[in-house]
Amino acid sequence: MYKEIFSKYEPTKDNLIYILHEIQDKHPQHYISEDAVDKVAEYLKVPANHIYGVLTFYTMYSTTPRGKNIIRLCESPPCYIKGTVNILRKLKALLDVEIGETTKDGHFTLELCACLGVCGNAPVMMINEDVYGDLTEEKVEDIIEKYRRAK
Amino acid sequence: MKTLADLKKIREKAQEEMKLRGSDARIKIVVGMGTSGIAMGAREVMRTFLEEIANRNLTDVIVTQTGEKGLSSLEPVVDLMEEGKETVTYGNMTPDKVKKVVVEHIVNGRIVSDYVVSTGN
Amino acid sequence: MSLKRIDLLICCGSSCISAGALKIKEAFHRAIEDKGLTHEINIIETGCMGPCDYGPVLVIYPEGIFYKHVAIEDVEEIVSEHFIKGRPVTRLMLQDEEKTIRMQKEVPFYQKQIKVALENCGYINPESMDEYIATGGYEALGMALTTMDPQDAINIVKASGLRGRGGGGFPTHIKWQMVHDRQEKEKYIICNGDEGDPGAFMDRSLLEGDPHRVLEGMMIAAYSIGASQGFFYIRAEYPLAIKRIRQAIEQARSIGLMGQNIFGTDFCFEAEVRTGAGAFVCGEEMALIHSIEGERGNPTPKPPYPAVQGLWGKPTVVNNVETFANIPSIFVKGADWFANMGTETSKGTKVFALTGDVRNTGLVEVPMGITLRELIFEVGGGIINDRKFKAVQLGGPSGGCLTAEHLDVGVDYESLKARGAMMGSGGVIVMDERKCMVNVAKFFIEFCVEESCGKCSPCRIGLKQMHHIMERITSGNGREGDIDELLRLGESVRNLSLCGLGQTAPNPVLSTIRYFRDEYETHIRDKSCHANVCLDLMHFQIDKDRCIGCSLCSRKCPATCISGSREEKYTIHQVECIKCGNCFDVCPVKAIEKIPGVPEEVAAHKARKAAQKSDDLF
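Protein chains in written order, with numbering that gives the first Met the number 0: chain D, 0 to 150; chain L, 0 to 120; chain E, 0 to 617.
Any given hint could turn out to be false.
Said to hold, decoys possible - Covered stretches of chain E (chain L as the covering partner; in silico rule of three or more C-beta atoms under 8 Å from a C-beta of chain L):
#1 59 to 71
#2 178 to 192
#3 246 to 258
Said to hold, decoys possible - Under the rule of at most 27 Å between Cα atoms (straight-line distance), these lysine-lysine pairs were calculated in the BS3-like manner:
#4 E:578 with D:91
#5 L:7 with L:18
#6 D:12 with E:313
#7 E:114 with L:18
#8 L:18 with L:8
#9 E:98 with E:111
#10 E:555 with D:138
Calculated directly from the structure, the hints in this document are not laboratory data. Just so you know, even glycine gets a beta-carbon here, dropped at the ideal spot from N, CA and C.
Using the sequences and the accompanying hints, generate a full structural model.
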């Protein structure tokens, strides 16, 4: 897998962010393993600690395995004003996880994220690449159910 | 593309495609598409207008639709609106009549009085 | 060329997509094919039209009819009624009191607006370069390249009075002039698409809705400063914006608007897209530059400014998306036309993102200097459910809040700054009377604590301390002197931080103390939150006169702290209550009330526990 990804990018440091994105997207558990860090360090000829520095700086990267579906609930001010707190409580109850955790069946990971830019329809969450707006507790229940059925 | 003139060419062609969203067409054809109009063949009338206009490459004409006027016995009814002139209403239109209206009225500017039901706003 | 009779514009901005616009688009394709209308109707996907609150929205030309809240089930009806029979579907139109609003231009939301940057958003198909060109696109670039030298171009921007739309409001021409005057051969132009404040989504809408306009603005800037390479830095959270800009670059290349000798001149230009990976601080220009270089997005001290030592150490101009989007119009319509809009020091128009408790949320573009009242009550349609307006937060977590007494203040860079708020990217978060300002300020500080990169101590430690105090106040442990401590810390963080994030992060706390000091005082002294938001400073109580003894609240209580009977009615045992609010939500007769303040038994219980704890220590 690494070879294929590396072949698309020149071994220069400014490609690091893309390489990491792609490794994470391609991994079935959506994370960047220690092994991957070593491989990237070798390819770009930079110390592994530099890779970790970048990896842990940006919130979209994970160094621990995650679920099949990643739920990212927007925690930005307009969503907060419109009641993200209630949605978060609902999600935690539905999935029986805390923020940053993955469900036992490995189906969902619950995360918070910065603004998704859909503030006109706050509160908002993103599951994988799809954005859901104007969330209510009932709506969240339906959405999660839909993903559960799609198992 | 190397000059502003080249850009202008692309622009003019693209503006054609977007004409419906501007309103600077010379002539606007409004086909009555209420239930009775459709029952009397307004769809074919509409289609013929579109075909004829495309065939003749008439770029300053737009075709649109409206609801019923209540002139059931005269359906399909078509209004022809031209900037600065009175609206001409044609009745009992058929595809053949449409072809004639396009040639006579739209291209040559002569109202086909045989088909006219009324003029004015 | 086939001739179509209807242009169906479907807003496919992120908001409408989240409300199901793409499924509606597919349904239209199917329905139109079923009815054999494919050759008569154009289905066009546009960028954000602005009134996100009404999403999904459609506009149908030639009439310009505006439909809101369109559902999949409505598609069939629109096709059979409107497209076939010519009878627009009234029930999907906007209702204004007794009047039905048919046309897009009649919608009140659009009436005070003047669209410059957003001119084409929601009007053209953003994936079609031809449509952009049809609206006069790339004429400004052609004109600049073939009839002006770079200094002339900078002079036009100077005469227009354009200032950066990303936050600080720095005059655009000065940045350009500085880099123009550098002798180095290699220079860079960067488009900052790492949206400024959360709550401001105009940059996403522009990149998605009119990508060529932003690209054209960037190219004019590149020509003016002498750069031949440009970068779009776009947040990874905006996949559609990334896709559209990439596509726009390729389309421009396909007709020779990108690459060597553009418009037959010596000007050569290449642009590419770089993405982030989720870090708010990367909107800061030095942090952004480091992120492009493949480093942690840490800000570095200025000077040196990017104009001197920017990307890879070369002179660099970083401009915001909306700034670029204004450039083509300034060149085509003239600097005077632009400078005639707005106020003495803030020229032109500004895009605002209306969010929060305002009726018409969405993107609006209005002349600078418009009053907050016009913006919130006329364009925005006032507060949802006609509740009372309490405050408005301008400029996101870095901005400040203003109150009802400021409603007649004109919105421009200077007037906002003078009152402790800022323009920022144009996020306008409206709050109604039910919001607790102390709680909101705590939330903003929390946001900045999380987003602080941790490089400089005033921001890393100072904000953490401020958050700690805010936490204390909102949980009922506030002390006398906390307000002064917050002010002192806030001033230090503001004056000593390295970058814009730290320098502005204390603003929400400082401005809420300035305008809502009494709320802080009741939180600290009376242990009471009048808005009933801070859970430790309020409680639930059952009104026995209204209670019908149905026991629903008791059955739904997860802490089993509600007891009673049909005859005696029900009571909440305050000490055990966890304030989940279930009882409040389920009560069929609304007998449960939220009451500010801590009930006596809870206060006594807390005191006992505290005493016990100190006993244990000895």
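Now for the hints, and whether the structure bears them out:
1. 59 to 71: Our answer is that it holds, as 3 residues pass the Cβ test (under 8 Å) against chain L, meeting three.
2. 178 to 192: That given contact is violated, which follows from only 0 residues of the segment 178 to 192 of chain E lying within Cβ reach (below 8 Å) of chain L.
3. 246 to 258: Holds: 3 residues of the segment 246 to 258 of chain E have a Cβ under 8 Å from chain L.
4. E:578 with D:91: This hinted pair holds, its Cα atoms lying about 17 Å apart.
5. L:7 with L:18: Given that 27 Å is the threshold and the Cα spacing comes to 16 Å, the pair holds.
6. D:12 with E:313: 17 Å, holds
7. E:114 with L:18: 20 Å, holds
8. L:18 with L:8: 16 Å, holds
9. E:98 with E:111: 19 Å, holds
10. E:555 with D:138: Given that 27 Å is the threshold and the Cα spacing comes to 21 Å, the pair holds.
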